Every structure is written in C-alpha cells, then in structure tokens.
Amino acid sequence: MDTLLIQMLNGVQLGLLMFLLAAGLTLTFGIMDLVNLAHGSLYMMGAYLAWTFIGWTDSFVLGVLLALPATFVLGIVVEAVVVRRLYARDHLDQVLATFGLILFFNELVRAVWGPAGKSIAVPPFLSHTVEILPGVPYSAYRFALIVVGTLVAILLAWLVARTRMGMLIRAGASNRRMIAALGVNIELLFSLVFGLGAVFAGLAGMMAAPIGSVKIGMGDDILILAFVIIVIGGIGSIKGAFIAAMLVGQIDIFGRSYLPDLLKTFLSPATASSAAPAISQMLVYLVMAGVLVWRPTGLFGQRT
Amino acid sequence: MKGKLFGTATIAALATMSAGGLQPAMAQESLKIGFVSTFSGSQAAIGEDMRRSVDLAVEHLGGKIAGKKIEIVYEDDQFKPDVGKARSEKLVQQDKVSFVAGYIWSNVLLASYKTVTEEGDTILISSNAGPSQIAGEGCNKNFFSTSWQNDQTPMAMGDYLNSKGVKSLYVVGPNYAAGKDMLAGVKRSYKGTIAGEDYTKWPDQLDFSAELTKIAAAKPDGIFIFYPGAHGVQFVKQWVQAGLNKTVPLYQVFSIDAITLPQQGDLAIGTLGAQEWVNDLPNEQNKKYVADFKKKYNVYPSYYGAQSYDSIMLIASAAEALKGDLSNKDKVRAEMKKANFKSLRGDFKFGNNNFPVQNYYIQETVKDAAGMMTVKTIATAVTAGVDPYAAKCPMK
Amino acid sequence: MMASLRTPRGLLTVLLLVLFAVLPLLTQAFDQRYLLSIGTRVVIWSIAAVSLNMILGYGGLVSFGHAAFFGIGGYAVGILSASGVASGWVQWPVAIAAAAVWAALIGALSLRTRGVYFLMITLAFAQLVYYVAAGLEVYGGDDGLNIGRSRFPGLINLADKASFYWLCLALLVATLWFCDRFACSRFGFVLRGARSNEQRMTALGFPVFQYRLVAMIISGAFGGLSGALLANEGAYVSPAMMSWVKSGDLIVMVVLGGMGTLLGPLYGAIAFFVLEESLKPLMDLAHKGWGEYWQIVFGPMLVLVALYAKGGIDSLLGRRHG
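Protein chains in written order, with our numbering: chain A, 630 to 933; chain B, 62 to 457; chain C, 28 to 349.
Think of the hints as simulated: they come from the structure by calculation, not from any bench. It is possible that some hints are incorrect.
[As the list claims (entries may be wrong)] Simulated pairs of lysine to aspartate or glutamate, EDC-like, Cα-Cα distance not exceeding 16 Å:
no. : chain 1 : residue 1 : chain 2 : residue 2
1   : B       : 355       : B       : 120
2   : B       : 357       : B       : 116
3   : B       : 262       : C       : 164
4   : B       : 392       : B       : 381
5   : B       : 157       : C       : 58
6   : B       : 93        : B       : 109
7   : B       : 262       : A       : 850
8   : B       : 307       : B       : 282
9   : C       : 337       : A       : 722
10  : B       : 130       : B       : 180
11  : B       : 355       : B       : 341
12  : B       : 280       : A       : 631
13  : C       : 315       : B       : 429
14  : A       : 893       : B       : 258
15  : C       : 188       : B       : 180
16  : B       : 307       : A       : 760
17  : B       : 428       : B       : 341
Please read all numbers here as calculations on a predicted model, not as lab measurements.
I would like the entire structure built from these sequences, with the hints used as guidance.
Here it is, written out as structure tokens:
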C-alpha cells in the first residue's frame with residue numbers, strides 16, 4: 630500500500646515536471662500556431678543558465694531566481710531573431726527552422742560549457758527525506774517539486790482564466806485573426822507568450838537538473854513526450870495539457886513498476902524483464918493514438 | 062543563385078576528397094589508426110577521456126612507431142549503433158587505416174564488428190565494449206580486446222559480495238547488450254538471493270524513481286547497478302535523494318569513475334566497485350601514465366582512458382616487432398596475440414578468444430589528499446580471470 | 028516532363044543522371060570506395076524521400092512516421108534472413124507487402140485527423156513499431172541484428188558494392204518514373220486537389236478519404252522497399268533506423284529539396300548527405316578542431332532554408348516548365 634502511494638507520488642511529480650514543459654508548448658502552438666521543436670532547447674538553456682548563476686551566487690534559490698529572467702530574455706531574443714518570421718509560414722517550415730535551432734543550441738552549449746555534463750546539487754535544506762506517512766520516507770526535493778509544480782499550475786490557471794493577458798491568450802487560441810482585427814498589439818502579445826513559455830520550459834529544466842544532470846540534448850528526448858501531452862490534451866488547452874501530463878506521468882511510472890511482474894505471469898522472466906521497458910514506453914503512444922482516433926483534436930482541443 | 066549552388070557543391074566535393082583521398086603520398090610514411098568513440102552529446106565526456114589518453118600514448122611514443130608517423134583518425138559514433146557502423150566503414154574504406162580501435166558501447170561495436178573484421182579484413186581493437194556475442198562463437202581472428210568481456214567485471218563483484226556475506230541483492234541496469242551481459246554476469250557468480258531485477262529503457266530513461274521505490278519495498282542487503290557515464294551520475298544522485306544510501310549499500314560496475322565523480326562528488330563516498338584497472342595499481346608504466354595525465358589535464362584518468370592507452374601500446378608493440386611492415390596480416394595478428402607490451406594493469410596476456418586474461422580488483426570511492434574524488438584499490442577479487450564464453454570460441 | 032538541356036533544371040537533371048550512372052566507375056578509378064557507400068545510401072534515402080513526397084508533397088499530409096516503413100521493410104528482410112529464408116524473391120515482396128499493410132492500417136485510423144494531429148498520430152504509430160522492434164529480444168532488441176544479404180541466385184550478388192549500387196539506382200529510376208505517372212494521373216490530380224481544397228473535392232463527389240488511403244499505401248510500399256534496400260546496404264537492421272529522428276531527416280530532405288516536385292526529394296537527399304559528409308572536413312580545413320562543431324553551421328543553414336528558400340532547392344533552379 631505504501632509502495633503504491635509512493636509510486637503515485639512519483640507519477641504526479643513526473644507529470645508536473647512535464648506539465649511545465651508542455652504548458653509553454655501548448656500556449657505557443659495554440660496562439661501563434663507555431664510548431665516549436667526548439668522548446669526543448671529552452672529547457673536545456675534554463676538548466677545551464679541556472680548552473681552558471683548557482684556557481685556565481687553559491688545559492689540554489691538565488692541562482693534559479695536569476696536564471697528565470699535570463700531564460701525569459703533568451704526567449705524574447707529567439708522570438709525576435711528567428712521565430713517571429715515563422716508565424717505566417719506553414720508547419721513544415723517551422724519544423725525545419727526550429728530543428729535547425731536545436732542543432733545550433735546543442736553545439737553552442739558544447740562550445741561554451743564543454744562536452745561534460747554539469748551537476749546541480751540539491752539545496753541543503755531539501756537534501757533529506759520527509760515522512761509523508763509514518764515510516765514512509767520520500768525525497769524532500771521531489772516533494773518540493775510537487776509543491777512548486779502545483780503552485781505554478783495554479784498560477785497559470787489564474788493567469789489564463791482571470792487576467793486580461795489570459796483573456797487575450799484564450800481569445801488568440803480560438804481565433805487569431807479576430808483579436809488582431811480588434812486592435813490588440815499582437816506582436817507584443819506573441820513576444821510575451823513566447824517568453825513566458827521559455828520561462829516555464831527553463832524552470833522545468835532547472836527543477837529537473839538536481840534529479841538528473843545538466844547535459845547537452847537533455848531537452849530532446851523529453852520534447853517528444855511534451856508534444857504527446859499537448860496533443861492528447863488538445864492543442865492550446867492548458868487544462869488539457871495538465872490532465873494529459875498527469876495521465877502520462879502515471880502511465881509511465883506504473884508501466885515501469887508493475888508491468889514486469891504482470892508480464893512474468895505469462896512470459897518467461899528473461900523475456901518479460903526485457904520486453905517490459907519497451908512496452909511501458911509504448912503505452913503512452915498507444916494512449917495518444919487511441920485518444921486521437923476517438924477525438925481527432927485531443928481531449929480539450931478546438932473542434933473544427 | 063544557380064552559380065552559388067554549384068559553387069557550394071564543388072567545394073563540398075573537394076573537401077570530401079581532400080579529407081581522405083588526396084594524400085596517398087603520406088600513407089607510405091604514416092601509420093594510420095582509426096579511433097571510434099562518442100565525442101558529441103551527453104556521453105561525450107567518456108570519448109574525451111579516451112582521446113586524451115590516446116594523445117598521451119602517442120606523446121609517450123614520441124609520435125612515431127617503427128619510424129613511421131602515427132596518425133590517429135577520430136570518428137564520432139554519436140552514441141548510435143548505425144552511425145558508428147557508418148563511421149567504421151569510412152575508416153576502413155576511405156581512410157584505409159591499419160587498425161580500428163575505440164568503441165565504448167557494446168551495441169555500437171556489435172553493429173560495426175562485421176564491417177571491420179570480415180568485410181574490411183582490418184584489425185579491430187575494442188578499448189572498452191566486450192559483448193558476449195563476440196567472445197564465444199562469434200569470435201574473430203581480427204578482433205582483440207584491451208578491456209574485458211562484459212560479464213567479467215560484475216562476476217568479480219559477485220564473488221566479492223559472496224565473500225562479504227551479502228545475502229540478497231537487487232540488480233538494475235539498462236536494457237541493451239552490455240546491460241544484459243552485466244546483470245547476467247553478477248547473477249552468474251553471486252550465490253545469495255536476487256531480490257529483484259529491473260531493466261530500464263536505454264538511453265533515454267533518466268528518472269529512476271519507480272525502480273528505487275521498488276527497491277525500498279524489497280529491502281535487499283545491497284543494490285547492484287551498471288549505469289555508465291551520465292546515467293551513473295543520475296542513479297547515484299537519486300539513490301541518495303530517496304534516502305536509500307542510509308539503508309541499502311550500492312555496489313557498482315562502470316557507474317562511478319573518474320568521469321562521473323566530479324558530478325557525483327561526496328554522494329558516492331564509500332561505495333564499492335569492481336574494475337580490472339585502478340589508478341593506484343603499483344607498476345611503473347601506470348605511475349607514469351597517471352602522473353602525466355594528471356599533470357596535463359588536471360583530472361584523474363579513467364579505465365576508459367587506460368584501456369585506450371593500452372590499445373595504442375598494443376598496436377605499437379606489434380608494429381615495432383615487424384619494423385613497421387604491416388603487409389602480412391597473419392604476421393600482424395601473431396604479433397598482436399603475443400601482447401608484448403607493458404600494460405597499465407601489469408601482466409597482460411590474451412586468451413584463445415583474444416580477450417585479456419587478467420585480475421579484477423575491488424575499489425572504494427574516496428577523497429585524495431588534495432580533496433579530489435577518486436577510487437582506490439582495497440582488494441583483489443579475481444586472479445587471472447578467463448571469461449565464461451572463451452570455451453565456445455573455436456580459435457586456439 | 029524532362030526539360031531541355033538549355034534550362035538549368037534540365038542541365039542539372041542530365042548531369043545528375045550521368046554522374047549517378049557512372050559513379051561506381053569513378054569511385055573505382057579514383058580508389059574512393061567510401062564515396063560509393065555514400066552514393067548507395069543517397070540513392071536508397073532518395074527512394075524513401077520520393078515515397079514520402081507522394082503523400083507529403085502531393086497529398087499535403089505531413090507524416091512524421093515515415094521511418095516506420097524503413098523499419099518494417101528492413102525487419103521483414105532481417106527476420107526472414109535470421110529464420111533461414113535467404114531468397115530475395117521472398118524477402119523483398121514480403122517487405123513491401125508488410126509496409127503496405129501497415130500503411131493501410133495506420134492510414135485508416137490516422138486520416139481521420141488533420142494537420143498537426145495527423146503529424147503526431149503518425150509519429151505515435153511509428154514509435155509503436157520502434158518499441159516493438161526494441162522489445163524483440165530474439166532479433167537483437169535495442170542492439171539490432173547483423174543479417175546476411177538477400178540472395179538472388181544467378182542474377183546478382185548484393186555483396187558486390189557496384190552491382191548493389193546499380194540495382195538501387197535502377198529501382199530509384201523506376202520509383203521516379205512511377206511517381207511521375209502517379210502525379211500526372213487523374214489520381215494524382217484528385218490528391219493534389221484535395222491538398223488545396225478538401226471540401227471542394229468532396230463536393231465534386233470524390234471520396235477523398237479513399238484516395239488518400241490508397242496514396243498512403245503506395246507511399247508505404249515504396250518506403251518498405253527502401254527499408255529492404257537499407258537492410259541490405261549495411262547487412263544490419265536496428266530500431267535506430269526507425270527512430271523519430273530518421274522520420275525528421277526524411278521530412279528535412281523533402282522540404283529542403285522541394286515539396287511536391289518530382290526531383291526535389293532527390294536534390295534534398297543529395298544535399299543532406301553532401302553537407303553531412305563535407306561540412307566537418309571543410310570546417311577542419313578552416314581551423315583544425317572546428318569540424319566537430321559542424322552542426323553549429325548546419326543548424327542555422329536549415330533555419331535560413333526554411334526562412335528564405337521557400338520551395339527548396341528545386342525552386343532555386345528557376346520556374347518549372349511543363
């Protein structure tokens with residue numbers, strides 16, 4: 630029972646991390662109709678910037694607080710230099726250009742920070758374990774991730790549902806041309822949304838860094854998963870992205886923790902233990918294919 | 062626009078040619094060695110360590126073997142089997158190297174194996190990877206290893222755990238050729254109970270929370286892992302974060318070393334591992350190698366580097382014995398097999414399948430006098446170990 | 028369709044054809060065996076790119092899972108070869124049929140979606156095949172499988188590099204010929220019509236869904252063929268040949284070369300490989316050690332192509348005639 634609870638928490642934590650990455654992606658996709666493969670590069674840049682600032686300030690919190698605006702600025706610059714020219718283009722041109730950006734950022738990081746990965750230590754005040762139930766320890770850092778992730782999700786929900794910018798975002802997601810026609814400064818809105826997406830991606834990278842390591846291409850693998858999430862949720866929908874991220878997090882953890890034993894009941898142990906990782910990865914894609922066959926624009930996507 | 066396009070194409074074609082073909086004159090005076098490793102992406106640090114050791118070996122040889130200039134052609138496998146295979150093919154066909162060495166990853170080596178040894182009839186020296194497939198029935202006269210067969214290092218760890226009376230063990234590793242061999246290896250020699258066994262997706266799984274939770278629930282006496290390079294860093298960090306370092310000791314192969322320790326830092330202190338080479342092995346060549354490496358690069362070398370250094374020295378010994386005449390492949394192979402060079406690990410000889418017959422040591426992670434993280438030898442686990450597949454190899 | 032020698036396009040086409048035809052002789056004369064290997068890969072990838080172009084270029088359906096056909100074709104050959112069926116007369120038709128069946132299956136499900144959702148659902152299906160291959164322990168799992176080359180006794184020996192190259196080239200020419208007929212046929216016009224205005228084609232009474240499904244099956248079949256060739260090129264199959272990156276590479280080739288044009292995918296594949304093989308030595312020439320960072324140049328080049336070379340390389344050759 631304890632194990633089950635902890636595995637669920639692991640799933641929630643993984644889901645929240647992916648939600649942060651997916652939120653920015655679904656916003657830029659929904660509002661600017663932009664397929665941004667370089668979103669994973671912003672995740673990576675966030676982590677590298679945080680590593681640099683943490684080195685300067687000798688404090689995890691200060692480093693992250695400095696890295697967040699830096700990622701925002703980076704996002705604004707990328708938007709102004711390349712991305713802005715892509716809004717009016719079709720998705721294929723966007724894929725090609727942002728794929729080029731990925732290659733560029735990966736090599737840039739290698740040239741600037743070197744090929745070896747970097748490590749961000751867990752801040753000392755979170756480097757212990759907490760007892761979520763008597764006798765059931767859980768990593769304090771992972772617990773903090775859940776708290777921060779939840780807070781950011783609430784903040785984002787408030788931003789989208791209650792503020793003027795959120796209103797424009799929602800309007801933009803459902804009808805881009807209309808809000809431009811209504812005299813909204815669309816260029817500024819797009820810049821801000823892209824910068825905001827960059828901040829969320831960067832934050833996800835910074836928060837994932839102490840669990841893993843800061844390394845070249847760290848955003849590329851997780852990017853595909855983020856795309857899966859926004860498609861399951863429906864492009865442009867924050868709510869959809871959140872629900873899909875939770876779903877994917879749970880599927881991933883449960884596939885890894887219970888599937889091998891399940892398979893062993895009808896396969897040989899050797900076959901089961903090597904087939905399980907492959908099958909648990911497949912589950913996510915099976916779910917996505919299933920959702921799209923059932924609802925061709927995702928769970929909460931705009932119907933056409 | 063058109064002129065530009067043709068211009069680019071011409072320059073590109075010329076560059077491709079000049080990289081290989083336009084230097085036939087040089088081929089007579091130089092001895093070409095191809096070296097395939099990972100120089101880009103998340104595991105580039107391992108390739109860098111190997112390259113540094115190869116450069117150091119060339120330096121120690123005075124840049125020449127039997128009067129010929131040594132020319133190393135490095136190729137990046139990008140951590141992908143198909144790329145490694147294509148790069149190996151290029152080394153054999155375009156650069157026409159006399160030897161191909163390197164290879165960190167078992168799956169990259171397996172993909173490139175036939176291309177080099179059979180289709181290219183070129184001598185291949187693995188400086189790290191040792192998949193079981195090529196130690197047994199798939200052995201080849203053109204293949205030599207200056208590392209180990211995958212099963213051997215974990216077998217040494219298993220022996221040591223038996224002697225320490227560790228009663229149950231949870232084994233975890235990545236789901237690819239080497240991961241399967243490594244876990245098979247420890248299970249082969251370890252006599253206690255296997256409390257659980259998990260394979261994780263390779264190379265893109267970096268979160269081990271589900272596996273660590275299962276381990277905590279199984280309450281074993283020890284965890285055995287195989288996670289080379291960047292993955293080792295992540296596993297060790299997450300093992301500590303989950304608080305398991307207080308309850309379940311970690312035993313590892315190839316997961317805590319000179320490459321990963323700068324990132325693992327204090328978290329890894331006290332963990333035990335098995336290895337065929339340790340930086341404090343007391344022989345003269347090793348002392349010189351480690352001292353020069355540290356002087357040149359300010360970090361400790363790893364076994365990846367030491368094995369690569371040995372690969373170059375092995376090649377040098379064979380070429381020197383033949384006075385640089387590599388035209389008769391049978392003679393080259395015979396000289397290689399003699400292993401008449403001073404290995405960094407002391408005594409070195411080949412078994413029938415051209416894998417080394419050698420000792421394995423247990424090492425502990427410590428801080429050196431200067432506060433730098435490193436490993437030191439604490440015991441000899443296996444003496445003159447032969448790999449379990451050697452008997453299946455038809456070569457003598 | 029083939030324009031006269033006076034236009035840049037016609038000139039380039041003829042030059043390319045001649046160069047392709049005599050490549051094995053050249054590489055032998057200049058002792059550049061490796062260039063023949065690159066040439067063979069370019070030809071095989073061109074077949075795949077041309078097949079992707081049938082649905083992506085003419086049909087306007089952005090499939091992000093085309094590498095799955097590579098994989099299915101390759102694994103059909105690999106699995107048959109590992110089970111002792113060495114004859115190419117069995118292996119290749121099975122490879123093509125398996126890819127076509129898979130195309131029919133995913134087509135029927137994914138053609139319900141549009142735009143980016145189509146892109147993602149094709150990716151999902153390709154990832155499924157990828158993980159199936161990675162889980163196939165008996166056939167090497169993640170590590171892939173070294174295989175024997177297909178046998179065509181008395182006809183051709185695929186281990187001979189030059190013969191294999193010429194066979195691939197012949198198949199590429201056949202694929203291009205088919206694609207040309209395909210594009211100019213009534214079927215092709217309906218497909219292209221549906222790309223620009225689906226509603227109008229439906230209103231005109233064309234069953235757009237069925238047309239697209241058939242196009243996907245044809246495209247998949249050629250993709251399977253290229254997979255069988257790729258397996259024979261390296262005598263090796265692995266899940267890596269159908270990773271999403273490979274699907275991405277194929278899209279890059281088609282877009283780079285020029286979508287919806289006959290020879291565009293061919294130009295794209297050539298440019299892609301030439302850049303990949305030459306940027307590194309080129310940058311090393313400029314400054315030793317820079318070569319490793321070749322992608323720092325390649326990346327922005329892709330950005331520039333996307334931004335400023337609309338229509339790809341094909342459009343640089345001037346307006347099309349005919």
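### Task
Tell me, in ascending order, the numbers of any earlier hints that this structure violates.
6, 10 and 13
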